[in-house]
Amino acid sequence: MLRRRPGETIAIGGEIEIEVIEISRTRVKLGVRAPRHVTVLRKETLAVAAENRQALELVSSGPAGVAEALRLLGAALE
Amino acid sequence: MTAPMTMTTMATAPTSMTPVICSPWLGDIRVDEDCEIFFPAGLPGFENEHRLLPVEVPAQRPLVYLQSIERERVCFVGLPVYVIHAGFRLEIPEDERALLGLPNDRDPAIGEDLLCVALLMPCGDSVQVNLNAPIVINLHNRRGAQIVSQGAPPATYRLSADSGWTLLC
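Chains as they are written, first to last, in numbering that gives the first Met the number 0: chain A, 0 to 77; chain B, 0 to 168.
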């Protein structure tokens, strides 16, 4: 565990820096400096990234998937 | 829905003057600059996809395709959130408001200020959506972002022919 104040920084592995920019009553604003190949995400978006890759398959697997979705949608709206 | 944005439709024939995407899934699509959506942060998992084109196929409404302009094989398909859940409410955090160029002093209205689309994911013989992670497009400046709700209860809905959209527990 590390304790930091606004304006202070944590270094990770020599290439990544995390700076505490601002602290409010309920939130902390952080700035991240990292190489371009390092993806910086909020943790909750990791699951969404996997869902987006799954979503891509609906179209890329061919027209049958979209056609079935349309059929279900039509049936549900009836 | 009336919206100050037009979508590319597959009924529009490409002309020689405008760029054309050769989508493996949708065929040739004319890239109209007035239709292009700019995603400053890309999408989670697709952080380098900054330019997406919303495409409607008239026979497939209300589906909305989001075709990458830079990578032809990247194409998503989604539905306006109100088609799935009429009571959908959107909360946009401060950072995403800035990303979308939205004012902080009032809540934008879906349909008038925003297009809000949930991506369809294949799931066995059906499809499902996560309403905690809709694609949100500011219709006034054509900037987009995927807004991921923080700490919200699960909002994954699956479509079935019998019961329509069902919230998964």
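The hints are simulated quantities; they were obtained by calculation from the structure and are not laboratory data.
Any given hint could turn out to be false.
[Claimed, not checked] Heads up, incomplete: computed chain B residues facing chain A, CB under 8 Å, no partners named:
{"hint": "1", "residue": "G26"}
{"hint": "2", "residue": "V30"}
{"hint": "3", "residue": "P43"}
{"hint": "4", "residue": "V76"}
{"hint": "5", "residue": "M120"}
{"hint": "6", "residue": "Q149"}
Just so you know, these numbers come straight off a predicted model, no measurement behind them.
Think of the CB as a built atom: it goes at the ideal place given N, C-alpha and C, for glycine as much as any other residue.
key: Hint check against the structure, violated hint numbers in rising order   = 1 and 2
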